[in-house]
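Read in order, the letters of the sequence shown are residues 481 to 577 in my numbering.
Wrong hints could be hidden among the right ones.
Unchecked claim - Pairwise CB distance ranges, derived in the manner of DEER restraints:
| hint | residue 1 | residue 2 | range |
| --- | --- | --- | --- |
| 1 | Arg524 | Gly501 | 16 to 24 Å |
| 2 | Arg574 | Asp545 | 21 to 29 Å |
| 3 | Pro544 | Ala571 | 16 to 24 Å |
| 4 | Ala571 | Glu485 | 28 to 36 Å |
| 5 | Ala550 | Val489 | 14 to 22 Å |
| 6 | Ala571 | Ser486 | 15 to 23 Å |
| 7 | Pro526 | Ser482 | 15 to 23 Å |
| 8 | Arg556 | Ala488 | 13 to 21 Å |
What the hints contain is simulated information worked out from the structure, not anything from laboratory work.
Remember, predicted model here, so these are calculated numbers, not experimental data.
The beta-carbon is built from N, C-alpha and C at its ideal position, and this holds for glycine as well.
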Amino acid sequence: MSGRESEAVMLDRCRGVATRGAEGASDQREANVFRLAAMLVRARHPLSSAGLMAASERYFLAHPDERLAAEDVLRRGWLTSLPRLRDLLEAQLREEA
481 MSGRESEAVM
491 LDRCRGVATR
501 GAEGASDQRE
511 ANVFRLAAML
521 VRARHPLSSA
531 GLMAASERYF
541 LAHPDERLAA
551 EDVLRRGWLT
561 SLPRLRDLLE
571 AQLREEA
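Required output: the full structure, derived from the provided sequences and hints.
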């Protein structure tokens, strides 16, 4: 899977959790990305942000040592850019509204 394909899958997961309350994070990667996404969209989409943060927190309750700093998430290549994630996710959330 290419970087863009992986990004699209993660973005779709974020949108699903943010808009439909889909299941929580299934692994460390998703939990950390959901947490960052929640922080990035909080100002414009507070309800979506709350859903993402809740999904992330459920995972971290069971795996507290797997929470990473934003820099580590980027360093691992799970995201390419925080502004890019914010812009893409906000655009998708606007479409859902």
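Hint by hint, here is what the structure shows:
no.	hint	in the structure
1	Arg524 / Gly501: 16 to 24 Å	holds (19 Å)
2	Arg574 / Asp545: 21 to 29 Å	violated (36 Å)
3	Pro544 / Ala571: 16 to 24 Å	violated (33 Å)
4	Ala571 / Glu485: 28 to 36 Å	violated (18 Å)
5	Ala550 / Val489: 14 to 22 Å	holds (20 Å)
6	Ala571 / Ser486: 15 to 23 Å	holds (18 Å)
7	Pro526 / Ser482: 15 to 23 Å	violated (33 Å)
8	Arg556 / Ala488: 13 to 21 Å	holds (18 Å)
Going down the numbered hints, you'll see the structure goes against 2, 3, 4 and 7, while the others check out.
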